[in-house]
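**Student:** Here the protein sequences line up with chains A and B, keeping their order.
In terms of the working numbering, the first sequence opens at residue 631 and continues consecutively.
In terms of the working numbering, the second sequence opens at residue 10 and continues consecutively.
These are calculated hints, taken from the structure and not from any lab test.
Note that the coordinates shown come from a computational prediction; the quantities given were computed from them, not determined experimentally.
Virtual Cβ for every residue (Gly too), placed ideally from N, Cα, C.
Don't take each hint at face value.
[Said to hold, decoys possible] Here are some chain A residues pointing at chain B (derived, C-beta under 10 Å):
no.	residue
1	V647
2	A652
3	L666
4	Q669
5	E671
6	V678
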Amino acid sequence: MSNNMPDGKLLAEVIDVLAGIAPEIRDSVLDPDAPLRDQLELDSMDHVHFTVDLHERFGVDIPESDYRAMHCLRELAAYIGARRSR
Amino acid sequence: MIDIALPSLGPDMESGTLLEWRIAPGQKISKGTIIAVVDTEKAAIDVESWNDGEVAELLAKPGQVLAVGTVIARLAAPAGEMPSASAPAAIAAKTPAPIIAAPAPAAPIAATATAATLSPATATPIRASPAARARAQTLGIDLARIRGPGSTAVIALQDVENFASTLAAKEKPDAAASNRQQGLRQAIATAMARSNREVPHYYLWDEIDVSALTQWVRDYNAAQPVTARLLPAAVLLCAVARAAAEFKDMNGTFDAGQYHPSDGVHLGVAIALRGGGLIAPALRDAHSLQPAATMTRLSDLVRRARSGGLRSSEVTGQTITVTNLGDDGSLGLLGVIYPPQVALLGVGRITMRPRVVDGIVAARDCVTLSLAADHRVSDGRRGALFLARIATLLQQPEAL
């Protein structure tokens, strides 16, 4: 694992994980700085699947107390970048 | 021989399109084996076998539209289970000479089938006409995919063309998605119109303090890895299933003028699909599951409902349904019962509300539970007891 991975590449990977749950985002452009919940419909089960899939991809287990980091994509990518380089 | 007919994969299904076979002649299958994928108006469903046996022949082709009840394949029953086969064997056992002769013809067949299942490519060389081979090569299709494992039939040019058009149909997502949306909407409309026409609904609702539940889930999750965390919804489903097992007049089906209570609770769970519409597949035997197992099964069911892979046993046989509006939903709902079921439990959004606890107003997590039930089977009094029982169970989530 490297903590020098460019932000953009990690962000793209996070979006790829999200597209596994919400395939419709492959045809649209998401604003990485805007709240995710304003941009697509994710219910609580989608949220569970998203955290499980992120864990599978990056090995990062996001505790419930840190769910606010999943507020927008850029924050989420930064959170994952910081956690997985530890 | 056992005939396999296209099953009804929902109360209003009249026909389905065979998308692909998952079995081949010569293959041994058992109850529960997925035999085919069939497209209905609602979804592509993995159809399971109800019998054990060896596949004798396939009678339908991918792409064909088939009426419910059409015989699509034949199975040879396992030798031990066929009276005509087992009886002579039992008699033969007492007279040494014929025994060896009797099972002998069966042995090579069984051996071939096993080998074919394990290693289709080497065990059964694929036979195809030269034209078929050339066309398959042009299209980039592996001949082994056209004939399933274990088959020795010769592949003709037409087989290649049929396979290619099936593939093409599967790979046109836009047209398919639009048709699916229309079909899904039509299927929902048909079922709901029938419900409003035939089922004399009554409605009850209550606001339940679920602070014990939300606190328990928070504490539980804090000690769990991401893969084992619970949603409050899983615990709610668990409580509904336990209560439904006790209330026989809420858990069952009303068919042909008669009510049939169910021993098991096959809990329909309404799942919203991406792009619109919903489907309510069953968590089978939900009454026997604890919260963690309910969550695992629910998570798997939602994934498959949204991306494909629901099984025939999951889209039929529901005995009561829960519709949960979730975090972004409304406070409550008045549901429409899915015929032939007789009750639908609605769960609103969990929100913090003022409640009087021990004479003092306190902020508590609350949820509105609603019941739509069928007057042909029960009355409001029973419905109220059912709701109260769910509420009681939710006060002790650790005991579920």
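**Student:** Run every hint past the structure and note whether it holds.
**Tutor:** Tested hints:
| no. | hint | result |
| --- | --- | --- |
| 1 | V647 | 13 Å, violated |
| 2 | A652 | 6 Å, holds |
| 3 | L666 | 13 Å, violated |
| 4 | Q669 | 14 Å, violated |
| 5 | E671 | 8 Å, holds |
| 6 | V678 | 6 Å, holds |
Figure legend: structure checked against the earlier numbered hints; hints not met, in rising order: 1, 3, 4.
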